[in-house]
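Start from the sequences, fold in the hints, and give me the full structure.
Read top to bottom, the protein sequences are chains A and B.
The working numbering puts the first residue of the first sequence at 1, with every later residue one more than the last.
The working numbering puts the first residue of the second sequence at 1, with every later residue one more than the last.
No wet-lab data here; the hints were simulated from the structure.
Hints may contain errors.
To be verified - With a straight-line cut-off of 30 Å between C-alpha atoms, the simulated DSSO-like cross-links for lysine-lysine are: (1) A:Lys69 / B:Lys18; (2) A:Lys199 / A:Lys69; (3) A:Lys221 / A:Lys199; (4) A:Lys69 / B:Lys170; (5) A:Lys221 / B:Lys134; (6) A:Lys63 / B:Lys134; (7) B:Lys69 / B:Lys134; (8) A:Lys152 / B:Lys221; (9) A:Lys63 / B:Lys221; (10) B:Lys170 / A:Lys199; (11) B:Lys187 / B:Lys202; (12) B:Lys152 / B:Lys63; (13) A:Lys170 / A:Lys187; (14) B:Lys199 / B:Lys134; (15) A:Lys202 / A:Lys170; (16) A:Lys66 / B:Lys199; (17) B:Lys202 / B:Lys221; (18) A:Lys69 / B:Lys66; (19) A:Lys66 / B:Lys69; (20) B:Lys199 / A:Lys63; (21) B:Lys221 / A:Lys202; (22) B:Lys202 / A:Lys66; (23) A:Lys63 / A:Lys202; (24) B:Lys134 / A:Lys69; (25) A:Lys152 / B:Lys170; (26) A:Lys152 / B:Lys187; (27) B:Lys18 / B:Lys152; (28) B:Lys221 / A:Lys199; (29) B:Lys18 / A:Lys63; (30) A:Lys66 / B:Lys221; (31) A:Lys221 / B:Lys221; (32) A:Lys199 / A:Lys170; (33) A:Lys69 / B:Lys221; (34) B:Lys202 / A:Lys199.
Predicted model only: the values in this text are computed from it and were never measured.
2 protein chains.
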Amino acid sequence: MARILYIEDESDIGSWLKNDLGERGHEVIWLQSGEGMEGYFSEADIAILDVMLPGLDGFSLGKRIKKVKNDMPVLMLSARTAVEDKLEGLSFADDYLTKPFQPDELAARIEVLLRRFQKNDQVLDLHHLQVHTKDLRIIDREADNEIQLTGKQYQLFQFFIRHLNQILTKEQLYEGVWGEQYMEGDKTLMVHIRYLREKLEKNPSRPEIIETIRGIGYRVKI
Amino acid sequence: MARILYIEDESDIGSWLKNDLGERGHEVIWLQSGEGMEGYFSEADIAILDVMLPGLDGFSLGKRIKKVKNDMPVLMLSARTAVEDKLEGLSFADDYLTKPFQPDELAARIEVLLRRFQKNDQVLDLHHLQVHTKDLRIIDREADNEIQLTGKQYQLFQFFIRHLNQILTKEQLYEGVWGEQYMEGDKTLMVHIRYLREKLEKNPSRPEIIETIRGIGYRVKI
DNA sequence: CAGAATCGTAAAGATACATTAAAGGGTGGA
DNA sequence: TCCACCCTTTAATGTATCTTTACGATTCTG
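Shown next as C-alpha cells:
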C-alpha cells in the first residue's frame with residue numbers, strides 16, 4: 001500500500017510493528033537510528049518516528065524531514081509519560097500517538113495521513129491555471145507557460161493550496177508563512193497577495209483565484 | 001533478484017550474510033579480499049564492502065569501484081566504533097550500515113539502492129544538449145562534442161537529472177551531493193553551479209538549463 | 001449618503017540573496 | 001617530488017525580492 005520509513009531503536013517493538021504493518025500490505029523500511037535516513041526520503045511515502053532515540057532524537061529528525069521534504073507526512077510516537085512532548089511534537093508533526101497503542105489505531109492514522117497528503121500528485125484546475133501540487137508547478141493553460149513564483153510567493157501559495165477552500169485569516173496566513181506574530185495593520189501580507197495576484201490572475205484587480213473575505217482574510221477555492 | 005559483489009574477510013559473518021541474502025533471492029559473489037574484484041564488476045549490480053579489510057581497505061576499494069563504474073551502487077559496512085569512518089565513508093558511498101545490523105535492514109537498503117540506480121538508458125534533450133542518463137554522457141549537439149565534467153560537477157548534475165523538473169532546495173542539493181549538513185550561507189554549492197553552467201550553458205550568465213529559483217534553490221527541467 | 005473601516009496599489013528604500021572572479025589549499029598522477 | 005587540476009573559500013558587486021510607506025479605492029454601516 002505505502003512505503004513507510006520507520007525509525008525505532010527498540011528491537012522488539014520495531015520488529016513487531018514492521019511485521020504488523022507489513023501484513024497490512026505496507027512496505028516498511030525500519031531503521032534503528034536516524035543515520036542514513038536521508039537515503040530513503042525519496043523512497044518513502046510517510047515517516048514514523050519514535051521520540052526517544054539514541055543520538056539525534058525524533059524531534060530533530062522530524063524537523064529535518066519537514067525541512068528537506070515538507071510534503072512528507074510525519075507521525076511521531078512517544079511514551080505516555082512525556083506529556084509536554086505532545087505540544088512541541090505537534091508543532092511540526094502531522095500526527096502523533098502515545099505508547100502503548102493498538103496497531104489498528106496506528107494503521108488507521110496512517111491511512112488518514114496518506115489520504116490527507118495524497119494531494120501530493122494531484123493536479124488541480126483553478127480557472128485558467130493548472131496546479132501540480134507535488135512540486136507546486138503552476139501552468140497557465142491559456143498562455144501555455146509556467147508561472148514562476150519567488151520564495152515568499154511560493155510559500156504563501158502553498159499555504160493556500162494546503163488549505164484549499166478554507167477561509168484563512170490574515171493571522172493564520174502570516175503566522176503560517178512568516179512564522180511570527182502578525183501585527184495588526186501590517187500590510188506586508190497584502191502586498192504579497194497583490195504580487196501573487198499579479199502573477200496568477202487574468203485581471204489582478206478582479207481576482208478570481210484568491211478571493212478576499214473582507215474583515216477576515218483570503219481564500220483559494222476550487 | 002540481484003547480483004551482489006560482497007567483500008568481507010571474516011568468514012563467519014561472510015557466510016552468514018551470503019546465505020541470508022541468497023535466501024532472499026539474490027546471487028551473492030563473496031570475496032574475502034579486494035583482489036580479483038575487477039573481474040566481477042561487469043557481473044554485479046551492487047557492491048557491499050566491509051571497511052576493515054586486510055590489504056586494501058574498503059574505502060580504497062569503494063573509491064576504485066566508483067571511479068571505474070560510477071553507476072554501480074556501493075554500500076559500506078563498518079564497525080559501530082569507528083564513528084568518524086561514517087563521514088569519510090559517505091562521501092563516495094551510496095549508503096552505509098554500522099555493525100551489528102539486522103539482515104532485514106541490509107536487505108531493505110539493498111532494495112532501495114537498486115531501485116535508485118535502476119536507470120533506464122534514456123536520452124534526454126535539454127536545449128542544445130543531449131544527455132544519456134545511463135552513463136550521464138553529455139553531448140553538445142551543436143558543437144558536436146562531448147562535455148567532460150569533474151567529480152563534483154558530475155555528482156551535482158546527476159542529482160539534477162535524478163530529480164528532473166523538481167525544484168531542489170540548496171539543502172537538498174548540498175546534502176544530496178556532499179552528504180553532509182548544509183551550512184546556511186555556504187557558497188560552495190553556488191560556485192559549483194557556476195562551474196556547471198560554464199560548461200553546459202551557451203551563455204552562463206543567461207542560464208537556460210539550470211535555472212535558479214531565488215530564495216529556494218535550483219532546477220533543471222525539460 | 002456620509003463617514004469609517006478595510007482593502008488595494010504604486011513606488012521607494014532596505015535587505016537578502018545570487019553572481020562572479022580570484023586566490024589558496026588539497027589531492028592524486030606523472 | 002612537483003605539477004596540474006579540482007575543490008573550497010572569500011570578498012566585491014550586482015540584482016531580485018521583501019518591506020515599508022503613503023495614498024487611493026472600495027465596501028460597509030448607520
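Going down the list of hints, with the structure as the test:
1. A:Lys69 / B:Lys18: violated, 36 Å
2. A:Lys199 / A:Lys69: holds, 25 Å
3. A:Lys221 / A:Lys199: holds, 17 Å
4. A:Lys69 / B:Lys170: holds, 12 Å
5. A:Lys221 / B:Lys134: Given that 30 Å is the threshold and the Cα spacing comes to 43 Å, the pair is violated.
6. A:Lys63 / B:Lys134: It is violated: about 34 Å lies between the C-alpha atoms, which goes past 30 Å.
7. B:Lys69 / B:Lys134: holds, 11 Å
8. A:Lys152 / B:Lys221: holds, 22 Å
9. A:Lys63 / B:Lys221: holds, 28 Å
10. B:Lys170 / A:Lys199: Between B:Lys170 and A:Lys199 the Cα gap is close to 25 Å, so the pair holds against 30 Å.
11. B:Lys187 / B:Lys202: holds, 23 Å
12. B:Lys152 / B:Lys63: Holds - the C-alpha atoms of B:Lys63 and B:Lys152 are around 14 Å apart, at most 30 Å.
13. A:Lys170 / A:Lys187: Answer holds: A:Lys170 to A:Lys187 is near 10 Å, not above 30 Å.
14. B:Lys199 / B:Lys134: holds, 20 Å
15. A:Lys202 / A:Lys170: Satisfied, since the Cα-Cα distance of roughly 24 Å is no more than 30 Å.
16. A:Lys66 / B:Lys199: Since the Cα atoms of A:Lys66 and B:Lys199 sit roughly 34 Å apart, the hinted pair is violated (cutoff 30 Å).
17. B:Lys202 / B:Lys221: holds, 16 Å
18. A:Lys69 / B:Lys66: holds, 28 Å
19. A:Lys66 / B:Lys69: Measuring from Cα to Cα gives roughly 34 Å; hence the hint is violated.
20. B:Lys199 / A:Lys63: violated, 36 Å
21. B:Lys221 / A:Lys202: holds, 26 Å
22. B:Lys202 / A:Lys66: Between B:Lys202 and A:Lys66 the Cα gap is close to 36 Å, so the pair fails against 30 Å, i.e. violated.
23. A:Lys63 / A:Lys202: Outside the cut-off at roughly 38 Å; violated.
24. B:Lys134 / A:Lys69: Since the Cα atoms of B:Lys134 and A:Lys69 sit roughly 26 Å apart, the hinted pair holds (cutoff 30 Å).
25. A:Lys152 / B:Lys170: holds, 16 Å
26. A:Lys152 / B:Lys187: holds, 22 Å
27. B:Lys18 / B:Lys152: violated, 34 Å
28. B:Lys221 / A:Lys199: holds, 21 Å
29. B:Lys18 / A:Lys63: violated, 38 Å
30. A:Lys66 / B:Lys221: holds, 24 Å
31. A:Lys221 / B:Lys221: holds, 29 Å
32. A:Lys199 / A:Lys170: holds, 20 Å
33. A:Lys69 / B:Lys221: holds, 19 Å
34. B:Lys202 / A:Lys199: Given that 30 Å is the threshold and the Cα spacing comes to 29 Å, the pair holds.
Figure legend: structure checked against the earlier numbered hints; hints not met, in rising order: 1, 5, 6, 16, 19, 20, 22, 23, 27, 29.
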